[in-house]
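J.: For chain A, the structure is supplied; the task is to place chain B on it using the hints.
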Amino acid sequence: MTDHVVSVGVDLLAQAVADQAAPVSQVDWRPPLAGTEDDLATVALDPLRGAANADALERVLGVQAVLVDVLPAHEAVGLERGEFLHAGPPIAWDRASGPLRGALMGGAVLEGLVDTPEEAAELFEGGLHVRLEPCHHRRSVGPMAGVVTPSMWMFVLEDPATGARTHCTLNEGLGKVLRYGAYSPEVLTRLRWMGEVLGPLLQQVVRATVAQEAPVDVTAILGQMLQMGDEAHNRNRAGTLMLLRDLAPAMVSSGTDPAQVAEALRFIGGNDHFFLNLAMPACKLALDAGRDVPGSTMVVAMSRNGTDFGIQVSGTGDEWFTGPAQVADGLYLGDYGPDDANPDIGDSAITETAGLGGFAMATAPAIVRFVGGSVPDALATTRRMQEIALGENPRWSIPILEFAGVPTGIDVTRVCRTGILPQINTGMAGRRAGVGQVGAGLVNPPEEIFPKALTRLAALTRERAAATTPS
Amino acid sequence: MTTDHVEVRSGVYADSVTLLQVSRQVQQVPGVATAQVAMATPLNVEVLERMGFALPAEATVNHLVVAVRLEDDASLEGARAEVERALADGRRQVRGDHEEAPPRTTSAALRHDPGALVLVSVPGPSAAVEAMDALESGSDVMVFSDNVPVEQEVALKQYAASRDLLVMGPDCGTAVVEGLGLGFANVVAPGPVGIVAASGTGCQQVLALLDHAGVGVGTAYGVGGRDLSADVGGLATRTALARLDADPSVEVALLISKPPADDVARDLTAYTESLGTPVRLALLGAGRPDLTAATEDLLHALGRDVPAWPVRGETRAATGHVLQGLFVGGTMKQEAELLVAAAGVEGRLVDFGDDEYTTGRAHPMIDPGLRLERLAEVVADEATGVVLMDVVLGHGAEEDPAASLAPAIRDVRPPVIVTVVGTAHDPQGLERQVDALAAAGAEVHLSNAMATRRALEILGGVR
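As they're listed, the protein sequences go chains A and B. Position 355 of the first sequence, counted from 1, bears residue number 355 in the working numbering, the numbering being contiguous throughout. Residues are numbered in the working numbering as their position in the second sequence, beginning at 1, plus a constant of 471.
Worth flagging that the hints you see were computed from the coordinates, not collected in a lab. Hints may contain errors.
Claimed, not checked - Covered stretches of chain B (chain A as the covering partner; in silico rule of three or more C-beta atoms under 8 Å from a C-beta of chain A):
1) 587-597
2) 608-620
3) 649-655
Backbone N, C-alpha and C define an ideal beta-carbon position, used for all residues, glycine too.
With the rest of the complex left out, here is chain A (with noise of 0.2 Å):
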């Protein structure tokens, strides 16, 4: 006796089982993204997705990040006088929104390229002094806005095994800060504090664990931060003073003024977030590994420059497919409401690629309420992701869910059967250039951009074939 069915389809079917009395489950099975039938069926039976897919999957889990320095960004991605990085997909000055567009004139400014943000914005619409391209093509990943200019200092993240690396800017906190699109002169104290002091003191301290064979494993405090109630975009709370634990000593001993170490302790103590710009990397870092794979459906960057919502495939090469990105649903701070929010910003779902963030939900109650929902909510929101997830990651695991694995590499053919779209924890950005951070909450990426993917890998698998049968 054959001792359990799956049935997926017709009910009446699945009932007919189950009058002989023999056990059936039943999918909840619905139509797919519209018009997506045939390039699902092509891909479905593309001889190298199957194993595709499970070594691409393999990468990104092999992958261990360790931060290995903190150089400034011309010498740490090459960036030169005039240039600067930005979240997301490429766009150019005259699409960019207005946190986009904040945070470059600031960072004009921070370079000395111009003396008023005012004077930025002439400097950007002539265009002929600067050039703008995105993190994610110099190995790197910005929060929000992204922008990184040659003189801030990044993290430098590398894989032992592989030696492949990484970067992120330091983060600044929360509120009114450059990444948020805001540009005042506080804004600018900040940074150049940051340039002054925190970046040549972190440099030597990680340098300093370096050479005492004590890295900092940013892969092994994601795993324990996440089952201290950080899901490593919103809340990244335990990492943050975990950090300050593996740095303290080498900071305290670094012979450098105490009272600017003092500051320096303080000043990431007092950021819950000064973890998420070595969580990011970290993600990328993995992700980075699956680029590439012939035949895998995964994705390895989701990316949004506060105008366009863009993916990445590890199938499809260095191709973007964008869509309109979206203004997520959350909270807001203070007087600011949905009139004032910009449409969803920032490399940092960088970390829901890789199943932290959203696809974490259920390891971080504590901001549910947060990001507008309830812990039920939380534990169905990882369950979902489950579902277009092609596997878990072993070494993060959540303990309310029995220790499961986070789900881990977004496939777009779950993706468009589903139409269940990866779930986002991101912070709001205002509408307005200069004006900061408004408020946090929930977004998805547009639906649109996993079929255009999927018309993309289906093409590839379709020449493939063309290639392999003898005519």
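T.: The following block gives chain B in isolation, referenced to the frame of chain A:
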């Protein structure tokens, strides 16, 4: 004499409670003297050293140490396997069903229910995707859906063949797998016959006749109507025959199909001759035995008596000259068509289960509406000499087909002959259905071939 085995793993993290449980499970493996699986915290390192294990210097708090002391080296594999199993168990999700949303894809369902047989009945364009989920998870799959492109069928079956899995279908209406009926399936007793059928209703006809003869069927695999075509090449038929051959309860295998493509037939003959179990063929085609004759042949091979196939009710004489055949079973229609053509009679035969009638609506075995509409038209047609129909019982089919069909044939002008394909234990009640139709004036048969010959005989009376 014991040996120590110490392994340091990076990139793995589990909490200490889980690891204590893992350690305890590994300690219970035969041949293991003692074991400790722990993160290399200073405390744990001290414990391990006190136990006498030598730890490599690189072990830090972010490493998992697996330390096992073996009484004999041969136990290492067992101990390692237990470590993996216990670690995986520690991560397993144990969740109450009530709080979970149902799975949205076949692969998600199989994550909770590994090894289940998968039954796919989603619309044809989406069927291959769900079927592939099943195969990738190592499950056999029955694809009930029709309108699946043949190249998708070939791709699925090639993948399955390379992994020793079975794809039943697409357009597989009927299967009985180790006693469990799937799709439209009759309730049959276990027995010495195993069936591989490219035709659902053909299979059901044979199940019904064998049941009447007192012979059971343990397994009847469907393979879909195209399996023995040149495109597909009998990929599923081979796997299904191999399964039956490996089943000691199967004394004789019966293959029900249209005649295969020539190349396929040659390969298939060579293949069946290589099997230990005799394979008899029921290949429905012009000049070949009908399904009833093939079933009789099978009964002879088993050394069983051939019973008289039952007939109930009496019908009127015909006045028109056309044989109107209204079928829900594709093979029933095809079998009748061959006999009608051979008799040189004008026949208008329709299969309401054909793709052109089922796109966007349920199969006529579930929804009789379309056929009843056509019935009303043909009985009013002066040219109609006799109406020939089938009623298929079993799991999946409508609850009480006679309830709508009996009133529709009562007091009509032309004679009506019905084949009721069913077994004594089918949920609709074979006797009850036959009684109701006979009472409404139909002549009711169990054998479709006999019913067709009877219809031809009635028409012969007016020609």
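J.: Hint by hint, note whether the structure agrees.
T.: So, going through the hints one by one against the coordinates:
no. : hint    : verdict
1   : 587-597 : holds (count 10)
2   : 608-620 : holds (count 4)
3   : 649-655 : holds (count 6)
Violated hints: none; the structure is consistent with every hint.
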